[in-house]
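There are 2 protein chains.
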Amino acid sequence: MIFAKENGRTIPKEDKVFALSGRAKEAIAAKGKDAVINATIGALLDDEGELVTMTSVVDTIMSLTPTDYAEYAPIAGTPAFKEAVQKALFGNFKPSGHVRVCATPGGTGSITSVIANYSEVGDFVLTHDWCWANYKNICSQNGRNLATFSFFDDEGNFNAADLEAKVNELAAKQDQIVLMLNTPAHNPTGYSMTLEDWDAVIGILNKASCRFALFIDVAYIDYAGEDDEVREFMPKLEELGDNVLPIFGYSASKTLAAYGMRCGAIVCMTKDEETAEEFKKVVEYSARATWSNCNRAAQVVMGKLYAEPELQKKADDERRGYRNMLLDRGKTFEKVLNDNGAKCVPFDAGFFVTIACDDPAALGAELEKQDIYCVSLAKGIRVSIASISKEKCVKCAEAIAKLLK
Amino acid sequence: MIFAKENGRTIPKEDKVFALSGRAKEAIAAKGKDAVINATIGALLDDEGELVTMTSVVDTIMSLTPTDYAEYAPIAGTPAFKEAVQKALFGNFKPSGHVRVCATPGGTGSITSVIANYSEVGDFVLTHDWCWANYKNICSQNGRNLATFSFFDDEGNFNAADLEAKVNELAAKQDQIVLMLNTPAHNPTGYSMTLEDWDAVIGILNKASCRFALFIDVAYIDYAGEDDEVREFMPKLEELGDNVLPIFGYSASKTLAAYGMRCGAIVCMTKDEETAEEFKKVVEYSARATWSNCNRAAQVVMGKLYAEPELQKKADDERRGYRNMLLDRGKTFEKVLNDNGAKCVPFDAGFFVTIACDDPAALGAELEKQDIYCVSLAKGIRVSIASISKEKCVKCAEAIAKLLK
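In order, the protein sequence lines correspond to chains A and B. Take 0 as the starting number for the first sequence in numbering that gives the first Met the number 0 and just add one per residue. Take 0 as the starting number for the second sequence in numbering that gives the first Met the number 0 and just add one per residue.
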């Protein structure tokens with residue numbers, strides 16, 4: 000470092016995913032898009048490789064007035080946005096306690112906020128071993144450490160025993176743990192925690208000797224399955240003890256299929272009004288002292304979509320169509336993989352499927368030779384089924400299964 | 000604190016400015032907008048109290064395609080945006096060294112970025128005693144301390160002697176200092192550093208025993224005066240020694256008069272390519288690990304505006320009109336104040352004028368009784384001339400001068 004300060008971070012010279020995606024684009028330019036499988040992109044593309052946008056959303060964007068763009072939004076978001084987020088996040092579930100909402104720049108901002116406000120420098124934040132790589136960067140950026148528990152046991156079930164062991168280990172060192180669970184349609188595996196998994200988690204947290212900020216990253220909830228079904232775990236959160244504060248990380252960018260608008264929210268749900276007010280106070284303070292207010296246009300769009308039942312229905316219907324396309328790709332990918340003697344890490348739904356392997360970098364390099372571009376993780380390879388057609392899912396799964404033999 | 004962690008921050012229960020602005024809005028609702036002077040708003044309003052938007056910008060927004068909103072922008076911004084920022088920031092000045100640009104959520108994001116990447120936890124960041132209150136919050140949010148030098152001496156000139164004293168004091172403790180200077184059209188005073196001020200700063204930094212990240216917050220540059228004149232200090236920065244890295248905080252939200260779009264950038268300018276590459280690496284890393292990428296639509300608008308000379312001219316002309324309106328308000332405010340035997344902190348241009356006084360809170364309360372709403376700072380009262388008509392500038396200046404007698 001010359002002028003910059005490393006500050007405990009390990010900053011790579013180059014973003015590997017960015018470089019990989021650059022090579023994929025070059026290959027497409029040279030050989031045509033049919034010849035290349037670019038499964039690196041974390042956005043939903045249609046079968047022709049075009050970014051999916053929703054007519055209901057686009058029409059609403061086009062109806063905005065100049066002031067909708069120009070005016071500062073309040074730090075926590077416009078009142079209509081905060082209402083909309085509650086409808087979008089909770090669906091038909093009505094929390095009995097106190098809910099507070101604060102706008103964040105995408106889902107990423109909500110993770111920054113929970114870490115900055117509910118843990119201390121040097122703390123360990125706990126999450127599943129399969130996790131979005133950026134969890135670690137965000138911890139590191141904030142001087143926190145990331146500890147992990149094994150997400151799955153040897154049978155491929157949720158590993159409650161390891162969660163409990165890691166919780167007890169950390170509880171001996173910290174009076175409070177930020178526990179981050181990304182579900183449903185977990186990135187990168189596509190796993191959705193079952194109601195039984197949730198019972199186990201609640202049991203473990205309720206009897207632990209420390210407090211928890213339980214951060215549930217629901218970025219992919221709207222692509223995980225039917226709206227009511229994927230929210231069935233929410234009422235269970237009301238069984239959590241006074242030592243646990245549930246906090247959601249919500250990504251409106253994904254709900255709207257408008258990633259570039261950077262619209263998300265951090266949302267708490269608690270029986271204790273004072274805890275809710277404290278949440279409001281700290282997350283708004285840190286927002287103001289980090290990025291200030293958020294993109295107003297996106298908030299107005301959310302407000303409009305969820306204020307008009309007909310418009311909301313139109314958006315929900317559109318999204319259901321794309322979601323079914325995505326679910327079909329996922330199930331197809333998994334079936335082809337299985338039919339060819341391989342398997343993926345437990346998968347239910349979402350943008351990604353992951354295949355565990357001993358040498359992900361080598362597997363990635365072999366795939367690249369066949370013009371198949373996937374992101375290598377520490378313990379496996381991640382395939383973005385969101386960004387490739389069903390036909391390419393078949394080819395990709397076959398190629399991976401063959402290489403793993 | 001119940002679940003939240005104070006983390007060295009002093010988090011107020013309520014945002015005072017927000018509460019004040021709420022009371023101003025209530026007064027307007029009750030008594031009509033002509034009867035109330037709401038000089039709390041940090042955005043440019045026309046003489047009727049309506050938010051100023053630029054036709055060139057609005058037309059460009061309306062020309063965007065769905066993908067312009069929907070697609071993720073690269074972390075550092077789209078190539079066209081990065082080009083546009085250089086044109087917008089530097090105008091006719093062509094830096095001879097290496098420039099790197101990274102998108103940030105508004106000007107606030109650029110401040111977060113420089114502090115997170117160019118200072119360490121526990122460090123002192125140095126700025127002028129008159130400063131945007133959020134500087135302190137951002138330091139505090141990042142575990143840094145804010146040290147200040149007296150911006151002005153007793154004659155109302157730039158206080159180079161105190162800057163030098165404070166630099167030497169900190170240089171004894173730190174090997175590097177982030178020095179933040181907000182100019183031209185400084186918030187909250189409206190002061191623009193002169194070329195002589197800059198000579199003094201450059202002399203002090205070049206002979207100091209430590210390194211500097213010299214952060215120049217130019218958020219209000221496009222409202223400070225004629226484009227070339229307000230950039231005359233820029234070539235001087237090339238006289239800085241190897242121990243100083245100049246970094247700009249740029250606010251496209253203000254250039255576009257589209258605050259709600261949250262579009263800004265952090266920009267470095269250095270003779271050393273390695274230092275430039277290091278800048279790119281660390282600011283992109285911290286962006287990804289804090290808010291990820293930024294609002295793409297705003298980037299596309301910037302890209303289009305600055306790629307088309309005619310469109311840029313149209314925007315520049317529009318802005319000049321509003322800027323002249325603003326400059327006229329400022330000069331009028333200052334004159335009325337002086338004519339009534341009072342004076343403001345040295346003022347040149349910009350959104351705000353500040354009047355020093357012994358008990359700002361009491362002065363603010365007295366003004367509020369007359370339905371004049373201004374923000375009380377530690378050492379004075381801040382009047383947003385950006386948000387009130389020339390007529391109200393006269394009334395406000397008269398009222399303040401009278402109360403100060």
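FYI, nobody ran anything at the bench for these hints, they're computed from the structure. What you are looking at is a predicted structure, and each value in this text was computed from that prediction instead of being measured. Some hints here could point you the wrong way.
Coverage of chain B stretches by chain A, computed from C-beta distances (three or more under 8 Å per stretch; other residues unrestricted) [said to hold, decoys possible]: (1) 92 to 98; (2) 276 to 289; (3) 387 to 397.
Using 25 Å as the maximum straight-line C-alpha spacing, the simulated BS3-like pairs for lysine-lysine come out as follows [as the list claims (entries may be wrong)]: (4) K280/A - K270/B; (5) K279/A - K394/B; (6) K12/A - K12/B; (7) K12/B - K279/A.
By construction, the Cβ of each residue, glycine as well, lies at the ideal position given by its N, Cα and C atoms.
Here's how the hints hold up against the structure:
1. 92 to 98: Not satisfied, violated; 0 residues make the cut.
2. 276 to 289: holds (count 10)
3. 387 to 397: Per the Cβ count (0), the hint is violated.
4. K280/A - K270/B: Cα-Cα ~44 Å, so violated.
5. K279/A - K394/B: Violated. K279/A to K394/B sits at ~38 Å, over the 25 Å cutoff.
6. K12/A - K12/B: Given that 25 Å is the threshold and the Cα spacing comes to 42 Å, the pair is violated.
7. K12/B - K279/A: holds, 10 Å
When the structure is compared with the earlier hints, violations turn up for hints 1, 3, 4, 5 and 6 and for no others.
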